[in-house]
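Number of protein chains: 4
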Amino acid sequence: MRIKTHKNTTHSNLSCIYETRVRFNEVDSLGIVWHGNYLKYFEDGREAFGRKYGIAYLDIKKNGFASPIVQSTIDHKHPLKYGDVAVIETKFMNSPAAKIIFSYTIKNQEGQIVCVGQTTQVFTDSSSKLALLAPSFYIQWKAKMGLS
Amino acid sequence: MRIKTHKNTTHSNLSCIYETRVRFNEVDSLGIVWHGNYLKYFEDGREAFGRKYGIAYLDIKKNGFASPIVQSTIDHKHPLKYGDVAVIETKFMNSPAAKIIFSYTIKNQEGQIVCVGQTTQVFTDSSSKLALLAPSFYIQWKAKMGLS
Amino acid sequence: MRIKTHKNTTHSNLSCIYETRVRFNEVDSLGIVWHGNYLKYFEDGREAFGRKYGIAYLDIKKNGFASPIVQSTIDHKHPLKYGDVAVIETKFMNSPAAKIIFSYTIKNQEGQIVCVGQTTQVFTDSSSKLALLAPSFYIQWKAKMGLS
Amino acid sequence: MRIKTHKNTTHSNLSCIYETRVRFNEVDSLGIVWHGNYLKYFEDGREAFGRKYGIAYLDIKKNGFASPIVQSTIDHKHPLKYGDVAVIETKFMNSPAAKIIFSYTIKNQEGQIVCVGQTTQVFTDSSSKLALLAPSFYIQWKAKMGLS
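Protein chains in written order, with the working numbering: chain R, 70 to 217; chain F, 70 to 217; chain A, 70 to 217; chain C, 70 to 217.
Just so you know, the hints here were simulated from the structure itself, not pulled from any lab data.
A pair counts as met if it fits within one copy or between any two copies, since identical chains are not told apart.
Here are the computed lysine to any residue pairs in the SDA-like style, where the Cα-Cα straight-line distance is at most 25 angstroms:
no.	residue 1	residue 2
1	LYS131	ARG92
2	LYS213	ASN163
3	LYS211	HIS80
4	LYS168	CYS85
5	LYS150	ASN132
6	LYS146	MET162
Excised from the complex, chain R in its bound form:
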């Protein structure tokens, strides 16, 4: 499967590193992190990014919006085991659409890439309606971050 990036979506310079220790209960009977748990690590990375740059779940909520995930992709390169530390790099992908797109690279404590992925979020207002245009608070945030 080849994944094509959104048209007009480009890498930004905004990124964040966050470390999380693999939990015993995240490892399956093969002795490796169950594949679905990587979406928890992506969320850890995304929220650490959000706290660093002022665009976390609670910031978005304060502005009257939610930002549900509409697409996720995960590519596994190498397994994590119990005892490992996941080092999550989260990068903001700049898109003209009313979307928040992040790409993720997770390495283990030895610097080996274990997985890469991407998530796309949309905006919904207080009545769960999809925002077709980027909310003004988001446009202002992007301007403040030097993203056009």
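We have chain R already, so just place chains F, A and C on it with the hints.
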């Protein structure tokens, strides 16, 4: 993001329907199923398929192999809420590669599509080595299923 | 550790059996269900009971209340493995307090007891305030069930 | 429900503080941490204790044993919400039995007690047999810790 299917991968006629009730603990503070939990529903669907056609986790294990997930994609169309039932359709995608590829369509109890996705698995042997060629038990299973 | 039942709490005749298949992602690296996941099975049992007798999460919500868990105990007798089916028996414990108390017995598909436990819930109103007296809808429900 | 501590079980001086940030996916539709997730925090605390004192899961495994949980109790005093940090204090309870008993106190970032609990583990050998006597590595560990 556009996802291109693997070259030479085609839909098969093998599919399976499995129903699972949304658990209270699978719903987030927005009142909808947390996006990462859909990978649990995909696994429910994949294992129901496996029990129906003799290619479940335990069948693969009995043959000396594991089949870790190397790629997952999820596209959300509509949320599930607590009280909903997820109706998971799992389809086997026929590929000449040493891989197991499934596509999934989840509907709610009213027949509305809530999400689609795909997973790719590889084979590893008892010493966790990647099988570059399809294991013979898998080739035989495909022949028995009328897949070439 | 010995657990003493609440004073004046007695077994009722109301009970419910619910079956759930162990998920691959619920099993840990020891090859057995991770101990915390039994609280999901208790919740499955409690909600099946609630649907049967009209006292499920959504019924309580409709009456303007929530019923958060304030105490849980789990005693493990025997492990569940992947491939097993958990057969959950949920019994209503009758108490004069403003509480919902359930006891649980989980067996495997061969009838062997794998775990027993108990949960206690209180009532909170729409502003998250603890109800010191049993809500009237709950008193009426108990009367309808023949519980005094 | 009153919980009686094991006869001859006493508090030790060994304890450990560990902090973990509440994950978005750990919060339920009531906006509070789902009760079953506290067992993950207990595990975080127990493993931090184990790394500090040399009695973590991987240390026990190295000695040829596993230590499955046979009993858990949780008493909730106050909810945790998204954005909160759980401060977990784990204390070793000294017992003459072939068991590992921990008690836990979780506070929020303001020092308010949110929950207390206890877990009991037994020892099983490489063939999953219950050890009726404390393994010699565990007796030596206790001696090294000044516990009789």
